[in-house]
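Trainee: Chains as they are written, first to last, in my numbering: chain A, 1 to 471; chain B, 472 to 942; chain C, 943 to 1413; chain D, 1414 to 1884.
I should point out that these hints are in silico values taken from the structure, not numbers from a laboratory.
The reader is advised that the hints may include incorrect statements.
Cβ-to-Cβ under 10 Å is the rule here; a few derived chain B residues that face chain C [unchecked claim]:
{"hint": "1", "residue": "575"}
{"hint": "2", "residue": "596"}
{"hint": "3", "residue": "599"}
{"hint": "4", "residue": "603"}
{"hint": "5", "residue": "605"}
{"hint": "6", "residue": "610"}
{"hint": "7", "residue": "619"}
{"hint": "8", "residue": "620"}
{"hint": "9", "residue": "624"}
{"hint": "10", "residue": "625"}
{"hint": "11", "residue": "713"}
{"hint": "12", "residue": "928"}
{"hint": "13", "residue": "929"}
{"hint": "14", "residue": "931"}
{"hint": "15", "residue": "934"}
Glycine is no exception: its CB is placed at the ideal position from the N, C-alpha and C atoms.
4 protein chains.
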Amino acid sequence: MLENEVRFGKLKEECGVFGVYNKDRFDVARLTYHGLYALQHRGQESAGIAVNDEGIILQHKDMGLVPEIFNEVVLNHLKGKIAIGHVRYSTTGASLRENAQPMVVNYKNGQLALGHNGNLVNAAELRNRMEENGAIFQTTSDTEVIANLISRYRIGSDNIEDTLKNMMKDIRGSYALVIVTPKRLIGIRDPHGLRPLCIGLLENTYILASESCALDSVGAEFVRDVNPGEIVLIGEGGLTSIQTEASQQTSLCIFEFVYFARPDSTIDGVSVYQAWIEAGRRLAREHPADADVVIGAPDGGLNAALGFSRESGIPYGQGLLKNRYVGRTFIQPEQGKRESGVRIKFNAMKSEVAGKRVVMVDDSIVRGTTTRRIVQMLKDAGAKEVHMRVSSPPYKYPCYFGIDISSSSQLVASKHSVEEIRKMIGADSLGYLSLEELLKTPVGSRCSFCTACFNCCYPMEVPDEGDKLAE
Amino acid sequence: MLENEVRFGKLKEECGVFGVYNKDRFDVARLTYHGLYALQHRGQESAGIAVNDEGIILQHKDMGLVPEIFNEVVLNHLKGKIAIGHVRYSTTGASLRENAQPMVVNYKNGQLALGHNGNLVNAAELRNRMEENGAIFQTTSDTEVIANLISRYRIGSDNIEDTLKNMMKDIRGSYALVIVTPKRLIGIRDPHGLRPLCIGLLENTYILASESCALDSVGAEFVRDVNPGEIVLIGEGGLTSIQTEASQQTSLCIFEFVYFARPDSTIDGVSVYQAWIEAGRRLAREHPADADVVIGAPDGGLNAALGFSRESGIPYGQGLLKNRYVGRTFIQPEQGKRESGVRIKFNAMKSEVAGKRVVMVDDSIVRGTTTRRIVQMLKDAGAKEVHMRVSSPPYKYPCYFGIDISSSSQLVASKHSVEEIRKMIGADSLGYLSLEELLKTPVGSRCSFCTACFNCCYPMEVPDEGDKLAE
Amino acid sequence: MLENEVRFGKLKEECGVFGVYNKDRFDVARLTYHGLYALQHRGQESAGIAVNDEGIILQHKDMGLVPEIFNEVVLNHLKGKIAIGHVRYSTTGASLRENAQPMVVNYKNGQLALGHNGNLVNAAELRNRMEENGAIFQTTSDTEVIANLISRYRIGSDNIEDTLKNMMKDIRGSYALVIVTPKRLIGIRDPHGLRPLCIGLLENTYILASESCALDSVGAEFVRDVNPGEIVLIGEGGLTSIQTEASQQTSLCIFEFVYFARPDSTIDGVSVYQAWIEAGRRLAREHPADADVVIGAPDGGLNAALGFSRESGIPYGQGLLKNRYVGRTFIQPEQGKRESGVRIKFNAMKSEVAGKRVVMVDDSIVRGTTTRRIVQMLKDAGAKEVHMRVSSPPYKYPCYFGIDISSSSQLVASKHSVEEIRKMIGADSLGYLSLEELLKTPVGSRCSFCTACFNCCYPMEVPDEGDKLAE
Amino acid sequence: MLENEVRFGKLKEECGVFGVYNKDRFDVARLTYHGLYALQHRGQESAGIAVNDEGIILQHKDMGLVPEIFNEVVLNHLKGKIAIGHVRYSTTGASLRENAQPMVVNYKNGQLALGHNGNLVNAAELRNRMEENGAIFQTTSDTEVIANLISRYRIGSDNIEDTLKNMMKDIRGSYALVIVTPKRLIGIRDPHGLRPLCIGLLENTYILASESCALDSVGAEFVRDVNPGEIVLIGEGGLTSIQTEASQQTSLCIFEFVYFARPDSTIDGVSVYQAWIEAGRRLAREHPADADVVIGAPDGGLNAALGFSRESGIPYGQGLLKNRYVGRTFIQPEQGKRESGVRIKFNAMKSEVAGKRVVMVDDSIVRGTTTRRIVQMLKDAGAKEVHMRVSSPPYKYPCYFGIDISSSSQLVASKHSVEEIRKMIGADSLGYLSLEELLKTPVGSRCSFCTACFNCCYPMEVPDEGDKLAE
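Full structure from sequences and hints, please.
Mentor: If you want it as structure tokens, here you go:
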């Protein structure tokens, strides 16, 4: 259910970044457009593309989905040989157009554009430090902090490499960065490797992307992931790499596999789809159920349900239908007793669940309200029993690296036992995949994971809860 | 693949209709809004709602999706006790705002609003006849023909019942009609029952809808289908029914099960989902394959693939991912050799298909081009073999009842043998479900079916191909 | 003040029509676009263009101003050799997109497009008659009545000429019509000549327009006015004329000179500008004032003020400034005592009026409220005396020919004497131009005038006030 | 003609600023909205309002006109006790949303919003200096330079007063600034007084505005102009003033009287309307003409024409009509021989000019092309002679203080003699008001003027032409 609550504003989502370098001025903006399309699931609030045209940066960004923001005229205007793009998460509240990315800045050495996926934990401290020296900030985004640091370090430095290394020493948190300098496309992944970033090649064109599905979308070959703590610089001479000091223990956000990434992506050597299937299999072993059909909560639970079915031998079916057209401007039905019967966003597939014992698999339970309604919907459709299975552990602790909810008080699991939650959602049984098992699902991963939202083990010092900046 | 070709304008789609009668002036417009949401899959070009407010008809309609057209202000304006709504199919070419429905007309006895799903085969003839008498037509829609007939017959008649019976004697073709008169909500289904229409009840509120999923969406109970040739009139005294002479052999459009209807709907007693599962099972028996995984082409082939997997025992998997964000304003990639590798709308799930023999199930093959690209995509992703299975017979003949394509020349099956098509799409084998088997898939249906698009057996006289009106 | 009250919805305004015939398929839509631009003052609610392309009529129309509705893409789409265009007045209340013109209809002999400026007095009667015969009406506009009549008469007739003559016998009221038939451009002016229509020539291109300023705007030469009761038909063979029985006494709406027409237009041989100057001169003779400066209320009173100044010898000055940017979506200031000092739409020119005796000339006083505020504004700015002069007689009776206000109760002059009005508006003296004098202002006019709004002498039978159709 | 060329993008225009302080949280955003409406003539590209709500700054700004950008919902959202607003000039080329003002920044002491009218001549130098210290710039506007300076000086300073004084020592150029700090509304006028700024009072509400017409629009009383070099600080304790070192010789931009300001404004004690009338009078004395009518080029030449008429005794008339609806999205007529006759934006009033010797007064001649077309139009309408009179001297030198044109090569007067220009425009005679006479037109002004655009006497050192930043 995570996806559905996120899509409607309860959670912040991730962002997605994309970058292209082509020395022949091939249509880099159009490639970026298609790359962002493939990354749209990582952010639906705003999108932007910045292109370096002989040192001058042209850009276009706005609130909305990629196809709403760009058209042929705009893309044709964005000529150049280096481009970066960004899609940004959806938040509630006021439109914050100023926070749309990429951010373009003028500094001593010319123009620079940055796109950032992640969240710094010491941004406020760094802002204060720079404000003490007279800096002003026009947005509330971490990206502006990073841009200021780059600008400051560039002054005392002969080259961009040292500048970036110095900047990386200052910032703490999660980041996958794409940067356009007057001459180069740069990609940086934080030392813990919290956010993914990978490299692709399309003939002689280098590409950087948050996920490999964006490489597929433009027909590029996957080359490799950017390593935690690595800076890649792509210029006329090709790609060069600087490995800064990475964390001894890398910490890829486990949520990339549990929720964020597209199933056709491969991150750090692991297929997201296979991780989901594996999670379902392990869930079936850890929390078996005596049932007639396995269904998934669309769309986040479908693949784990498939894995559960494969492992348990219980047939897989489509037990819930999700209306593809319910979008951002949806008008709610009137309150009252009728509400209980309303099935606008989801509907149960009566012919699949009636008279059956149903296993329903989902990727997570956030507040529990949607899950309760769906369990009830299945029972109304005739399900004899509903066995809820969740392909991740209870989500209890706040994330400081990009997956924020206003406070942990909204997390049902932070205050309630599994049995209490089972009663709340009205299921006949409830089983969460244990963290131990979840960590085995990205079979063959070369990375270890950040699992702080499940076990409070943050890979670095984080601010006190009370210090979190209001949105 | 039918869905995907339709969504981008090669085919006309169906329409959807909805109607509400509530004597307490409950919020009928909002109910209709939610009903149309559930029927959005039947038409994405335009939508409209008309409300009868004490004999005056208020309406709002426009081009676009339901949530784009209506907002709280508009819905609050549409007060009344009878409402009808309509969603209309998507066509290429010029915006035809005038054709949006419902159509509101002033005639001798007051105001009338009509919503029509279907297609008349003798509309041109009827238009000519009325034009001979001086009528003018402001749209190209059949609905205006029906409105004119109603108006003309109403003059010589004491009551609306006779008027409608006379009108039904004149028109030939497919129609599910919802009508608001100054006092009543009326539903009519054509004598062949080509288009579906059902009745629901929400406390004391009567509802008419093209599909039962729209009843579910507003929390209403399914009462029954409107019978072929039946007129239902809903007024202060409740529902009354007039059974006009129905065709001896009813002819529900088989495409409702093969393609149009939402899987959670039940039409004429048959679950659409179960019909799809059954089609997949029969396809597995008729055209078995020696394979390692069964996948469906999203979204039309998914449920039949599930049925194929259940019958054959070959595991079901998600072998193709469809980008949910590719919409109407999508910008194409640049032409050229790169195109072959571009995977924008679909992507193959490498980890599911690599090294495997794959059965891919789809609901249809229209022109074959998309299918060819997907087969290639699967092979590029490492599939050893691709066995294509189609859950309907080759689609060869034009439809005159609502599913038009410009000419049968675009139908790959009308000019090519199965083997020729197999070669064109590059599959290792190809099997279509036979018509005989397809007709067995709506298990327990009380209707017989129109299968003219497969076998040229039209349930009534149809115009010569050459006579078809240009769009 | 008439203009200002009209612009914000208290009055209906006129419409404007335009037509082009060019046998070489010169860009007729673009000519029409520029013609409508020049006629925009006659209607700001909606605009439309219809083009006859080899018998098929293409059209585009929408709510809004001409430049908001049309762009290069649309104009390029509207190819053909005959075009008509229409701008429509502004009303309060709901958007009535259906009423936008031209209206395109299909009838026995093909397609027809009509644009109408005027108002029928027997439309309801004609609608009823046709509804008795089964006709349906989709709009509330008179144009649809005319289209239906044309269609009906065309059936029993060999030619369009007789059809139009028969139609003209049926309809009563004001009308300037432009019509596109499959082969011809047609212009018709009602037998009383209530609404203007003129003919222009641009090389071999014939043009019809409501006012001669539209001819100027496209560089065409003025040929002549269409005569009252005349039908002009423009086709391959050039222009032919049919003079139907005109009224013995023509009745051009005097308001065209007092208010509607653009000052650079010439109607029925008379310069609108000169008529305004003459009205000011006669006003100065009829109601002289002992004053230091003459000012006009922008924009309607400016030219009459100039005439007043010329005749009286009192200097002309700009005493009031009107904010050009106050438009349709203007947000009102908060109510309260502050309001009195607020000068958003108008401001007094202190340096021109302070310490002076001011003559203020306006074209009319409708409700009196705006006039009262402006008089007060002038006094606050230091004017010693304000002598109000109105360049038309008191406006007392409703118009049935296109200039409707909801009821005469809103007309301050219908219930109050001149002295009462003077007190209400706070002026030191008040003088209206007499009807006798007003009729002398269009010097050299070949027409006589309809002055019903001033003296209740309607040129034909009109409905009882109570019978007027609600908007 | 200046106005008309400016409106369509050949020139940059000025900006307008507005500020309100009301301790009772009266609706300051709505007051600002109406103030900006009155200042809309100073900038049509973008508009914005920023409100200080208990130290937090809320803002809304966008491209477009004031009524297009704001609505009730937005204004209700902008609650607070201090507000500033800004309207910005129109430029050609790409939409530069980032440059819209006010600019809101976070700095050491909280949030700050600035609105700036004017242009710095040493902005590039200041940017470079700050970039050397690591500052980054996200816009190309001078306002960001000012914001950075304020931020930097605030650090080493105990109070805002010293900060502002230091900032003013650094910047050179023209500026009228309105600033919101956490506690105060601040207004600053540059030491030369190049741009106007005045103070108003509405009960207990202080107001700052570029022109006095904005005070009128909200019903406020004019208090006084801000003095050159003065800082006014408005807070809980009322208004305090700091007089920094002003230039010995003040230099109000003479163009404010010649072109920018609204005629109902009073700047530095002089009525703009009276200055225009006076310019016309002096023009009549300096360049008399033997003629029958005096007309003005709308709208910039109308008042000077009135002055010319009063002085010369030649009757004033409306010889040209300007179409009020020709706006930003206007589609040009097709090129070719027809163009010469096209009169879309202007039309000559034949009945006023035919057979007459005409004096046409305009405020300026920029490139001469529009003037040539209008002279021709008058002759085509029958004018026997056209005597062109310009109420300002030839405009020859670039302005560095806000009225930029890309280069002086576009100024017809910079390369041609008066006689050459006369021939180019086809007039029978041509006379420009001399600078000596122009300087006498703001009768009673307490300021002296910057006249650099006429005589190259810049009030401060300006960059070389070649150094001007590309737009």
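Trainee: Does each hint hold? Answer for all of them.
Mentor: Verification of the hints:
For residue 575(B), the interface hint holds, the least distance from its beta-carbon to any beta-carbon of chain C being 7 Å, beneath 10 Å. Because the smallest distance between the Cβ of residue 596(B) and any Cβ of chain C comes to about 14 Å, over 10 Å, the interface hint for this residue is violated. Evaluation of the residue 599(B) hint against chain C yields a held restraint, the C-beta minimum of about 8 Å falling below 10 Å. The interface hint given for residue 603(B) is met, as the beta carbon of that residue sits about 6 Å from the closest beta carbon of chain C, less than 10 Å.
Look at residue 605(B): its Cβ gets to within about 3 Å of chain C, closer than 10 Å, so that hint holds up. At a threshold of 10 Å, the smallest CB-CB gap from residue 610(B) to chain C is about 8 Å, leaving the interface hint in force. With a least beta-carbon distance of about 6 Å to chain C, the hint placing residue 619(B) at the interface is held under the 10 Å criterion. For residue 620(B), the interface hint holds, the least distance from its beta-carbon to any beta-carbon of chain C being 9 Å, beneath 10 Å.
Interface restraint check: residue 624(B) against chain C, minimum CB-CB distance 8 Å, threshold 10 Å, status holds. Interface restraint check for residue 625(B): the shortest CB-CB distance to chain C comes to about 8 Å, inside 10 Å, so the restraint holds. For residue 713(B), the interface hint is violated, since its Cβ never comes within 10 Å of a Cβ in chain C; the closest pair sits about 22 Å apart. At a threshold of 10 Å, the smallest CB-CB gap from residue 928(B) to chain C is about 33 Å, leaving the interface hint violated.
A least Cβ separation of about 27 Å between residue 929(B) and chain C goes past the 10 Å threshold, and the interface hint is therefore violated. About 25 Å separates the beta-carbon of residue 931(B) from the nearest beta-carbon of chain C, more than 10 Å, and the hint is not met. For residue 934(B), the interface hint is violated, the least distance from its beta-carbon to any beta-carbon of chain C being 18 Å, above 10 Å.
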